[in-house]
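Start from chain A and add chain B according to the hints.
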Amino acid sequence: MTGIGRHLLSIDDLDRASIERILDRAESFDEVSGREIKKVPALRGRTMVNLFYESSTRTSSSFELAAKRLSADVVSVRAQGSSVDKGESLKDTVQTLSAYDPAAIVIRSPHAGAAGLVAGWTPAAVINAGDGKHEHPTQALLDVFTLRRRLGSLDGACIWIVGDVLHSRVARSNILAFTRMGAAVTVCGPPTLIPREIEALGCEAATTLERLGEADVVYVLRMQQERMRDSFVPSLREYARRYQITPARLRPGQLLMHPGPVNRGVELSGEAIDSPQALIGAQVRAGVAVRMAVLYELLVGAPPLAAVA
Amino acid sequence: MAPVKNRLFQRPDRPAELLISGAHVLDPRADLDEPRDVLLRGGRIAELGSPGSLGAAENSETIDAAGKHLLPGFVDPHVHLRTPGQEHKEDLDTGTAAAAAGGFCAVIAMPNSDPVLDDAAVLRSLTEAASRQARVPVGFLAAITKNLKGHELTEMAELRDAGALGFTDDGRPVVSAGTLRKALQYQRLCGGVIALHEEDPDLSRDGAMHEGAVSARLGIAGIPSLAESTMVARDAALALYEDARVHFQHLSCAESVESLQQAKRVGARVSAEVCPHHLTLSDEEVRTLDSRFKMNPPLRAESDRRALVAALRIGLIDCVATDHAPHASHEKEVPFEEAPMGTTGLETAFAALHTELVLSGELDLATLAQRMTEGAVLYGLPIPTIAIGQSANLCLVDLRARFEVGADGYASRSANCCFHGRMLQGKVLLTVAAGTVAFRTAMLAEALAIR
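In the order they appear, the protein sequences are chains A and B. Under my numbering, residues 2 to 310 are what the first sequence spells out, in order. Under my numbering, residues 8 to 458 are what the second sequence spells out, in order.
In case anyone wonders, no lab produced these hints; they're calculated from the structure. Since the structure is predicted, the reported quantities are computational estimates derived from the model, not experimental observations. Incorrect hints may have been included.
[As the list claims (entries may be wrong)] List time: in silico DSBU-like cross-link candidates among lysine-lysine, alpha-carbon distance up to 35 Å:
| hint | chain 1 | residue 1 | chain 2 | residue 2 |
| --- | --- | --- | --- | --- |
| 1 | A | 69 | A | 92 |
| 2 | A | 92 | B | 156 |
| 3 | A | 87 | B | 153 |
| 4 | B | 189 | B | 156 |
Excised from the complex, chain A in its bound form (with noise of 0.2 Å):
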């Protein structure tokens, strides 16, 4: 029996039949999604948490959905607002939450290895909705289902990643998940912005366009404005120059993804972001129905913990 463990902090802790398993559940919420009434009871009575020490929009708004489709009831912290104004602790905060006895804590963190930390602190399922630069696995799992709906599998698939690779958790948690469910993965981009020694997670490296027309997939990163400070790039003109993916850039057939959200006109054009081939918004909405699967494989239909280890 293929079990996804007590909680989902890395794609390190799926092989490729857990995650085929919840990419499969996904379809079935994704159905429930389609519905008038989108909701099943399957977490009625049981308590999610959302702790957010990022700004989000999507995911925390999909988890949120997500859990309230299950039937579950939600709280949502953040820390602007909250006793973390006041200094309290990390785990101070996990473990005041915990006695709520949530079934599920949700946890963005800027910090790596945060979401690991909050499951030695509570009995509830953990999951990594971000943690610093580290990974970002439940962004992963939606890009692999919307793929896998667009081209079947992604088994030969050659997949390019564009874009700041050193600041990206998704740019991490992606190369382990693609290639994962065999896709070939190359990263791309400034070599200021490309981590020395990247290819141990089972990647190549590029720093310029030149053979993008290989990739079956593009993906795009956001390019942080913040980043500019640090003269990571001379300038947004410069990078926008060399890395900007436009329609002209694309060759026909070629499939455009970003995880939002997006720098209009510096890290994709407009015109490429509003193109057939751009499967944003596809993206966005299999978020929802991705985290719904999540949650149930961690809080209904996990297998006993004997069958995990």
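Just chain B, lined up with the frame of chain A:
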């Protein structure tokens, strides 16, 4: 005030009256490597004899130590005792208790306390406190620059007169080559080793671990090895030019070893230390994101670890230093990037190095014993030697005893030990420091037959 003569400080205690019978005595400096009876009288080594040949004096204790090893007491040139100002992490009493429990008979404390040890008044208050509280002799390094800011020199001559062993801005580099050069020139007046934490902050930036495949995987900003090695090369050149005595602290990477080798070859008066964690662990440990593995300099690649061991073996790196850096649990129980740098090390140094290097065949025990005492030579302290007439500085170890690190707690006030939970082999049973019994394991009565 008249200059002090003594630069080590400890609380007065009863001189040891003790017969250690039949231990295998290993002291490369005394050319000893055989079972011996060792008789301590009035805190000095009074007699050495073949096993069973010596009898204890009246009212003195005999420890039957057959099958155990007696080594010269270790000297740690790099510890953080956190006093004044951070006594919730450690103080003179708990820090020297940890030292004694690890077989150390002398330690040298770093000046990055709060306030910083950058004037003679702070130093005098510390030496007075150590004279009341320290279980093993403690020496102090004063800051090179005021408040460790890297700009203005401290009153180095007055600090030397007040008992400073030397100078360091440890925890921070002296970024300005011009400022460091003036300190090296001024050393001609005041003496004292100048010890350097080598790190180019422009290259280390906000890094929290070694830059390499593991940092790429974890998405944690890396500290490249050359942040250290370029500064070692720069400061070795300054030391050579000014003919200054410079000591490189906690070297962590192969490139620094190369810079050190070059500096020694051309005759620079430089020495270096290396920490047990850099000799036994690599950045692979950081995959756990456990903040116990966060220290500065960071754990580096396995190839760096091997280069450090090789350099220590041939004496290119002169000595072992723990960089014992205690932090309270609430400070370390935070995400890796947020956690303060540092691991405790006094209580585990010998066991970790014995287990990981001696038992694995990478280093022999005699060399380890020599490197763990060499800090005394570098700083001009009494050199622990097992010879008649010497003040007793010894530790008795059981090389067969295995234990889980931290299972029985720590003598240190803090528990942030990078070896926590590991099984290590080689346990310190007894430490005699400057002629007094500073530590005996609670198990001593069971481990040894005491008559």
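Going down the list of hints, with the structure as the test:
no., hint, in the structure
1, A/69 to A/92, "holds (26 Å)"
2, A/92 to B/156, "holds (33 Å)"
3, A/87 to B/153, "holds (34 Å)"
4, B/189 to B/156, "holds (15 Å)"
In the structure shown, no violation is registered for any of the earlier numbered hints.
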